[in-house]
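Here the structure of chain F is known, so what remains is to put chain E in place on it, guided by the hints.
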Amino acid sequence: MTEPKGTPPRLSISPTRPNPGWILLAVIESLRTFVVAFVALVFSSRERGAAAIAVGALLIGAAIVIWRFLQWRMLSYEAVDRTITMRSGLVEKSTRSLQVERIQSVDTHETPLGRLLGIQEVHLTSAAAGPPIVVPALKSREIDELKIWIDAHQGGLDAAEAKEGDPHSELSASAEFPKWTLSHREVVLAGMTSGRIAPAIALIAAGWRLFGDVVPDEVWERLPIDPNRLELSTVVFVLGVAAILAWAFSILGAVMAHWNFTVHRSGDNLVVSSGLLDRRQHTVPIRRIQAISMVEGVLRQPFGFASLMVESAAGVHGADQGGEVRSMLPFVPTRSVPKVMDALLPEFAWSPEAVAWHTLPSRAMARYIVPSIRSFLVTQALICFALFVIPSVEWWLGLVFLPALPLWMLFAYLQYRDAGWSLGEDHQLLLRHRTLDRRLVITRGRSVHIREIGSNPLQRRASLASITLRLATVGSGGVITLRHVDRTEGQALMTSLE
Amino acid sequence: MMNDEGSTEGQTDESLQMLDTSVITAWRIILAGLGIVILAVLCGVLLVLHRSNTLSSLPVIAGVVALGVLVVVFAVWFLPVLEWRHWKYAVRDNEIEIRSGHVFVVQTLMPMARVQHVDMRQGPIERLFELTTIVIHTAAGGREIPGLRASTAAPIRARIAELANIHDDL
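Here the protein sequences come in this chain order: F and E.
Each step along the first sequence adds one to the number in the numbering used here, with nothing skipped, and position 8 is 8.
Each step along the second sequence adds one to the number in the numbering used here, with nothing skipped, and position 147 is 147.
In case anyone wonders, no lab produced these hints; they're calculated from the structure.
Small disclaimer: the values here were computed from a predicted structure and weren't measured.
Every residue, glycine too, gets a C-beta built ideally from N, C-alpha and C.
Heads up, some of the hints might be wrong.
Unchecked claim - Quick partial rundown of chain F residues pointing at chain E, CB under 8 Å, derived from the structure:
(1) L58
(2) L59
(3) M86
(4) S88
(5) E92
(6) T95
(7) G207
(8) D437
(9) N456
(10) P457
(11) A472
What the hints assert, rightly or not - Covered stretches of chain E (in silico footprint by chain F; criterion: 3 or more residues with CB under 8 Å from a CB of chain F, positions within the stretch not fixed):
(12) 60 to 69
(13) 144 to 155
Isolated chain F, as found in the complex (with noise of 0.2 Å):
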C-alpha cells in the first residue's frame, strides 16, 4: 500500500460505510461453516430427500445474504473530534471509539479475495486491554486517508511529547530512510532454522487423525507394520518422516507468513508488510517502541543469522500489561544488524566495538552448571523409578536420555558466558542473556519500568545477586532477569538506572 505525500489531511471524516464487497466476504465466511454440515447432510442422506436438503441450503444461503446485508447498513466508522468511532450490531448495536492519542499501530491486513476486490481491514491497536478496532473492507484511498487523519492528529501529540523527552525526532523527521526487504531464498532459509516445528507437529497429528478416521480399516491391514511387534527401525523410520514433514510444514508456514517481507520507516513510524495470501501491513509509531530484540536461534547463531523483534509500549495511561511484540525482521545476517539498525531505527543503533560489557564474574559459573547437572540427574531418576514401577518395562530404558547431560552442561555454560549487560553514556542499555536462544535486548535506560536486586544467603556468601528489570512489553524482552552477577556491579547498575 503506499502512503500518498503532500494530500492534505481532511480534519474529519464523516460517518462512512465500509465498501458493499464486506457483503460477499461475510456471506462467504458464514457458509464455510454450513457447508461441512450441508456435505455431511447430502452424504448421509443418499438419494433421499436431496430436493428438501437443496431447498433447505437455498433458503439458508438466502437467509444468510439478507442477513449480511442488513449488517452491512449498520456498519460505519467516523473520525471526529480525535476520536475514531466504529459502529455495528444489527440486534445488539456496538459502539467503539478510540482517541487518536492511543492508536498504539494501525495495521492493515488483505485476504487474497479482498484482493480480487481491493478491499483490506484496517486493525487499530490501543494501548489498553482487549481486541483491536477493526474497520472492515475499505479501499485504499478510504485507508490512505484515515491515516493521513490519523498522522496528521498525532503530529502535535508526538511534537509535545517529542520536545520533551526524545532527542532523535528531529532526526526521524528529516532523514530519508531505505528499505529493507527478504529476499526468497532469505524466506525459505527463515523457515529451515526457524525450529519451530511445534505447531507443524498439532498439524500433522491433526491429519493423521483425520487420515486415520477417513481410511477404512482393510487398508490399515494391508500394512506390513504390525503394531504389537514394533521394531526399532519401524519407530525411527515413522519418527524420521514425522520430523520432516514437520520442518517442511514449518518452511512453508515461514513462506506464507513472510514472503514479500519488506521494513521501511515512514516519518516517526516503522513500517512491516508481509505474506503470500493474506497480506498484512503494521504501522509501529517509534515513540512507543520500548526495545529491539536480537534473537539468535540455536539453529541460526551457527551459521551467524538472527531475528529481530520490535517490543512496543503501552499509552502513557494505558492498561498495566499492554504493549505488543512484532516481528521487525525474521531473518537477518549477525554482522549485518548494526547496519540495519543504523539504517531504520538510530535510535535503538549501537557499534558493536564500543561495547564495554560487563560480564559475570568467574565464580557464577559452577551456580550456572551445577544445579543443570542436579536438575537433570534428579529429572533421569524421576523416569527411571517411574519405569521401574511400571511392570514390563526395564527401568534402565530411562538412561537413555544420560547422553544428553554434556550438552545440558554446555547450554548452562553458554547460559553462564553470553550473560551480561552494558550502559552506555548516552543510557542506552544493552542486555543478553540466553534460555535456548541468545537474546540481545536493546533499550533505553529511562524505559526499565522497575528494577529488582535479589539475593539469598548463598550469593550473598559470594558476593553475588540476581538482577530483574522490567520493561513495559509483553515480550520476551519485557522481563530481563540476569542470575548470579557480581553484587556490587548489579548494585551500580541499579543506581545508573535511576
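This is chain E only, laid out in the frame that chain F set:
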C-alpha cells in the same frame, strides 16, 4: 553509588519506613487459616491411608499430625515477625523503594516517572485492623505496600499521585 547494603548515596536507611506492627497479627490470622486448611488435608490423607490399612499404626499417625501442628504453629508465630522486620519502603521524590524477604532479600526500585496510577485496597482482615494496602502500577506491572494505617496510607497515595503526575512521560 550504593553501599553494600543497597541504599543509595545521600538516601540513607533512615528514609526507609517499616510497616505498622498490627500487620503481624493480620498476617498471623491469614497464615493460621492457611495452616488449618493444610492440616485438614493432611488429616484427610492420613484417615484414608488408615482406613485402607496402608498406615495402620496410630502412634505414627499421631506423630505426623503433631509434627504438622508444630510446623504450623512455628510458622504462624515466627514468619510474620521475620517478614515484618525485613519489610521496608521509602517514597522519595524520584523513586519508590521496597525491600522485602529474610532469606531471599529483594530490593525493588520504581522510578516515580514510570508510575501510572496508584490504588488503595483493604481486605476483610486488613479492615479488622484498620490497615490498607497501596498498589503502585507501572506499564510493566505493579507492586504493593501492605500493612499501612489508613491515616498513613492516604497521604502516601496522594504524594505518589502528585509526584507521578509531575513526571508524566513514557
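Evaluated hints:
1. L58: The hint is violated - L58 of chain F has no Cβ within 8 Å of chain E, the shortest such distance being about 54 Å.
2. L59: Since the shortest Cβ distance to chain E is 52 Å, the answer is violated.
3. M86: For M86 of chain F, the interface hint is violated, since the closest Cβ of chain E sits about 25 Å away, which is over 8 Å.
4. S88: Violated, because the Cβ-Cβ distance from S88 of chain F to chain E comes to roughly 30 Å (cut-off 8 Å).
5. E92: Hint on E92 of chain F: violated, closest Cβ of chain E at ~32 Å, above 8 Å.
6. T95: 26 Å, violated
7. G207: 41 Å, violated
8. D437: Violated, because the Cβ-Cβ distance from D437 of chain F to chain E comes to roughly 22 Å (cut-off 8 Å).
9. N456: 5 Å, holds
10. P457: Where the cut-off is 8 Å and the nearest Cβ of chain E is about 7 Å from P457 of chain F, the hint holds.
11. A472: At about 3 Å, which falls below the 8 Å cut-off, the nearest Cβ of chain E leaves the hint on A472 of chain F intact, so it holds.
12. 60 to 69: violated (count 0)
13. 144 to 155: With 0 residues in contact (Cβ-Cβ under 8 Å with chain F), the coverage given for the segment 144 to 155 of chain E is violated.
The earlier numbered hints that this structure contradicts are 1, 2, 3, 4, 5, 6, 7, 8, 12 and 13.
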